[in-house]
Amino acid sequence: MHARMQGLSIQPQHQGGNVSQTTFNPKKRCADVCMELLLLESVHLYKNRGAPAASAALEAIGMRVGKQLAERYTKDRPRLGETLEVIKFLCKDFWLLVFKKQVDNLRTNHKGVYVLTDNNFRWLSRSPPISSAGGDPSQEEALREVALQHLHLPCGILRGAMIQLGVPCTVEADHKLSPPACAFTIRLS
Amino acid sequence: MTSACTFVIVGQLDHPIYEADLTGPKEQQAQYLHQFVLHASLDAIDDIMWSTKECHLKTTDRFNNLLVTAYVTPGNSARFLLLHDGRNDENIKSFFTEVYELYLKIMLNPFHGPASKIMNKEFDKKVRTYARKILGL
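Residue numbers (full-length UniProt numbering), protein chains in the order written: chain A, 1 to 189; chain B, 1 to 137.
So the derived list for chain B, only partly shown, Cβ under 10 Å to chain A, looks like this:
{"hint": "1", "residue": "Met49"}
{"hint": "2", "residue": "Thr52"}
{"hint": "3", "residue": "Glu54"}
{"hint": "4", "residue": "Cys55"}
{"hint": "5", "residue": "Gly75"}
{"hint": "6", "residue": "Asn76"}
{"hint": "7", "residue": "Ser77"}
{"hint": "8", "residue": "Ala78"}
{"hint": "9", "residue": "Tyr100"}
{"hint": "10", "residue": "Glu101"}
{"hint": "11", "residue": "Met107"}
{"hint": "12", "residue": "Asn109"}
{"hint": "13", "residue": "Pro110"}
To be clear, the hints were calculated from the coordinates, so they are not data collected in a lab. In this text, all values refer to a predicted model and were calculated from it rather than measured experimentally. We treat Cβ as the ideally placed atom computed from N, Cα and C, and that holds for glycine.
Please put together the full structure from these sequences, using the hints given.
Dropping the structure here:
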């Protein structure tokens, strides 16, 4: 899973030194749909194993992956100094490389809480939008629960990345917004 | 002419995750001294690290005739320390850059924990090869 995530997020590298190359040089790529199916299946798998473990397991996987992605993506960039720079790196470069776009809104209360809002979160793009006007409230709740389960993994990834870059924190996902919009709250510890 | 040279990678929790004595076999006393000097230089590196945006920190500390040169990874997660006697400064930069690439590959290994020591023999071999090629040891 880690290798797949990293393989999908990086651009294909130049394979130098390969002597017998024909003119057709297929760069190694993986279809995006594989990633989406992998994410769906991983949530499904851990849900079937037992609900209490699911969120913890997904967050733990996310932390591992987040740490390694952070290590990888800071490679040729200038050094990150204070917390705000780390958050900016997260919102711009990291989000771009992992979720193919930048964060739409960043808010802070200057006391160690940051809220990152993404109006079109890539990993929730297949979820049905929850209409706030009318509709069955219990059904809405159920849909929100499902959306929340899919957010454990991205929360873990963000948390792992922040910790690796030297900022211990906790990350929560806000499932009050209608998917595919999504907000992540980072609390510095 | 023997030149003293020890290379250490220090993790986020200030513990060495990799050590290599890059010169030939030496007596025990000098090895302990090298370790001690490198450990002591962590304070100086900490000071300099946060006052500059550079990854390559020049000579950060000295003890008698030994110099400690350091490099910080862009994500501030590891520090590379080289204890030497000040003969080839230019090449140290390229040495650190090469080792950074190797370090990244180790870090991306899913079986390598965040604070575990680097026991990989290939890594060790490559570091020593680079040391021979670039630093001329």
